[in-house]
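Peer 1: Residue numbers (my numbering), protein chains in the order written: chain U, 219 to 324; chain S, 219 to 324.
Bear in mind the hints are in silico, worked out from the structure with no lab data behind them. Wrong hints could be hidden among the right ones.
Any copy, or any two copies together, can satisfy a pair, since identical chains are not distinguished.
Heads up, simulated BS3-like pairs for lysine-lysine below, C-alpha to C-alpha not over 30 Å straight-line [to be verified]:
(1) Lys323 with Lys235
(2) Lys235 with Lys221
(3) Lys237 with Lys323
(4) Lys221 with Lys238
Just so it is clear, the structure is predicted and the values come from calculations on it, not from any experiment.
Number of protein chains: 2
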Amino acid sequence: MEKVRDALAAVAFAETKLKKTNLFETERMFCDVYGLLPGQQQSGHVHAGSDKVYYVLSGSGVFDIAGEQRTVAAGHAVFAPAGDSHAVHNPGPDRLSLLVFMAPKP
Amino acid sequence: MEKVRDALAAVAFAETKLKKTNLFETERMFCDVYGLLPGQQQSGHVHAGSDKVYYVLSGSGVFDIAGEQRTVAAGHAVFAPAGDSHAVHNPGPDRLSLLVFMAPKP
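Next comes chain U alone, as it looks inside the complex (with noise of 0.2 Å):
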């Protein structure tokens, strides 16, 4: 596994539905970038015994956290605790990319 990574060069995007990528994983986490083209989404889910932190490294999403809506930049963290519903979608009209860190990996 290469050790570092340029992560907005390896977004991809798919016409299809949001796209992801993974940088890095072990047994214990991992690390994805995720490619949102306008009007795509990650709908609600939730993981009970994980924690996810999504970085928006360009474009702005649409996050909602446990029910709160919150439009959210490039250079923001979110955080989505275990047991918190959790979804984002990207408004347009730029891609909107975003690493994302989840443990332990579900």
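Let chain U serve as the given structure and place chain S on it in line with the hints.
Peer 2: Frame of chain U, contents of chain S only:
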């Protein structure tokens, strides 16, 4: 705990040594930001059972991961898996700001 944080705005610096500021924390993981003035460092160390990811928010750092030195600029992520010695220093001239994830919390 505030669930949305402006990462770069949260970075603090101290004349004496690297400055750590926590963004998010549970019993499973933490997410910090580190501020390193030119010449400052985090000395080499090992976590036997925890993985760490650094993301360079601004500036440029020299990372040593398991004996391999790499100069890493803003926008790149660096992985220090459990058992790998890791260190970072800021050669300057700019301030170095890092987003740091560790799981599980040691």
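Peer 1: Given a CA cutoff of 30 Å, do lysine 237 and lysine 323 count as a within-copy pair, a between-copy pair, both, or neither?
Peer 2: Both ways: lysine 237 and lysine 323 sit 18 Å apart in one copy and 29 Å across, limit 30 Å.
Peer 1: Tell me, please, which holds for lysine 221 and lysine 238 at an alpha-carbon limit of 30 Å: within, between, both or neither?
Peer 2: both (18 Å within a copy, 23 Å between copies)
Peer 1: For lysine 323 vs lysine 235, is the C-alpha pair at or below 30 Å within one copy, between two copies, both, or neither?
Peer 2: within (22 Å within a copy, 33 Å between copies)
Peer 1: With identical chains, the pair lysine 235 and lysine 221 could be close in the same copy or across copies; at 30 Å between alpha carbons, which is it: within, between, both, or neither?
Peer 2: Close inside one copy (28 Å) and across copies (26 Å); limit 30 Å.
In this structure, none of the earlier numbered hints is contradicted; all agree with it.
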